[in-house]
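2 protein chains.
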Amino acid sequence: MVDVTLTLPAGDVLLRRALSQDLSAIVGLLADDSISASRGDADRPEDRVAYERAFAAIDADPAQQLLVATSLLGEVLATMQLTVIPGLARVGSTRLQIEAVRVRSDQRSRGLGGAMIRWAVQNAPAFGAQLVQLTSDAARVDAHRFYERLGFTASHVGFKHAVPTVS
Amino acid sequence: MVDVTLTLPAGDVLLRRALSQDLSAIVGLLADDSISASRGDADRPEDRVAYERAFAAIDADPAQQLLVATSLLGEVLATMQLTVIPGLARVGSTRLQIEAVRVRSDQRSRGLGGAMIRWAVQNAPAFGAQLVQLTSDAARVDAHRFYERLGFTASHVGFKHAVPTVS
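Just so you know, the protein sequences line up as chains A and B, in that order.
Take the first sequence: its letter number 73 is residue 73 in our numbering, and every next letter is one higher.
Take the second sequence: its letter number 149 is residue 149 in our numbering, and every next letter is one higher.
None of these hints come from the bench; they were simulated from the model.
Any given hint could turn out to be false.
Some chain A residues flagged as far from chain B (calculated, every beta-carbon gap over 12 angstroms) [claimed, not checked]:
1. M1
2. T7
3. G40
4. L72
5. E99
6. D106
7. A115
8. I117
Computed beta-carbon distance windows for the label pairs [claimed, not checked]:
9. Q122/A <-> L73/B: 40 to 50 angstroms
10. L19/B <-> G74/A: 22 to 32 angstroms
11. S109/A <-> A162/B: 23 to 33 angstroms
Every residue, glycine too, gets a C-beta built ideally from N, C-alpha and C.
Modelling step: build the complete structure from the supplied sequences, incorporating the hints.
Pasting the structure below:
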């Protein structure tokens with residue numbers, strides 16, 4: 001169970017597993033991002049069921065850790081999702097994959113995102129992982145520099161393919 | 001349970017879930033790839049335990065499908081790993097992630113890899129997924145064209161960060 005304090009220049013932040021009552025705040029973080037918003041993430045009442053269903057699926061899967069960083073008063077400031085993926089390649093390496101990193105717009109450039117990612121890399125062995133991986137939209141040039149400063153190598157090209165939804 | 005026939009110009013191939021007796025053949029496919037080999041994948045006796053442990057972890061995780069494509073005589077010709085990743089982004093989209101696609105060197109350019117990837121995209125809804133994603137090493141320029149021909153968009157940059165192993 002993740003429940004840690006990250007010490008930042010602007011003050012301590014708590015990093016913990018997301019609870020269902022955090023869902024609105026997390027969806028707000030997605031909607032507060034121009035690239036996510038362009039992919040349909042918004043805080044619309046009609047999408048509530050889809051987000052709730054997705055939250056339940058994440059929460060029920062022991063390979064997933066949906067995390068939130070909160071202020072000491074409990075305000076959700078940032079989120080990220082970690083997925084543990086066992087694999088054969090690289091002599092049977094387990095990967096810790098980071099997805100959906102979002103920091104509230106008024107909290108950016110204060111070291112919070114960096115502290116979260118550093119925590120994930122440092123704690124990868126506790127998740128059984130020998131490799132941390134993530135992809136970042138090609139348009140997020142600032143994010144690429146950020147990940148390189150944190151020790152990541154931009155060694156891969158990330159491909160996506162939408163598939164028709166079956167209703 | 002995946003157990004399908006892929007029809008190719010050169011003849012039918014079976015696509016099925018990998019069994020423990022396929023492990024040596026799959027490790028052989030990894031070793032038969034120059035980029036994988038440069039990351040340490042080889043068919044060395046001392047790595048056998050690490051591969052066996054990784055296979056057991058993949059096999060025990062219901063979110064993982066480690067697949068092999070075999071000839072009608074049972075020879076392993078190719079492999080890929082699929083991972084189902086629930087997520088909140090893109091209005092609660094579940095992702096089907098493809099990793100570790102390898103085709104035996106004497107079987108390349110015969111449509112086998114394309115048939116496997118097309119099968120994964122077409123069957124993504126059966127895995128509950130609305131998005132298929134993968135990363136490919138930046139050095140695999142031919143693979144990038146291959147994925148684009150199959151309908152993928154090279155929209156992301158893939159970052160990796162090795163972490164110290166704890167023994």
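Going down the list of hints, with the structure as the test:
Listed as outside the interface, M1/A is consistent with that label: its C-beta sits roughly 19 angstroms from the nearest C-beta of chain B, beyond the 12 angstroms cut-off. Annotated as non-interface, T7/A keeps its C-beta farther than 12 angstroms from every C-beta of chain B; the closest such distance is 21 angstroms. Consistency note on G40/A: stated as away from chain B, yet its beta-carbon is not over 12 angstroms from all of that chain's, at 5 angstroms minimum. At roughly 25 angstroms, the least C-beta separation between L72/A and chain B is larger than 12 angstroms, which holds for a residue marked as non-interface.
Its beta-carbon lying about 6 angstroms from the closest one in chain B, E99/A breaks the requirement of being farther than 12 angstroms from that chain. Separation of D106/A from chain B is adequate, the least Cβ-Cβ distance of about 21 angstroms exceeding the 12 angstroms criterion. At the 12 angstroms boundary, the C-beta of A115/A stays outside the reach of chain B, the nearest C-beta of that chain being 15 angstroms off. Non-interface call for I117/A relative to chain B: violated, since the shortest CB-CB distance, roughly 9 angstroms, does not exceed 12 angstroms.
Remark: the range hint 40 to 50 angstroms for Q122/A to L73/B is upheld by a beta-carbon distance near 48 angstroms. Here the CB-CB span from L19/B to G74/A is close to 49 angstroms, at odds with the stated 22 to 32 angstroms. For S109/A and A162/B, the Cβ-Cβ distance of about 27 angstroms falls inside the hinted range of 23 to 33 angstroms, so the restraint holds.
In this structure, the hints that do not hold are numbers 3, 5, 8 and 10, in rising order.
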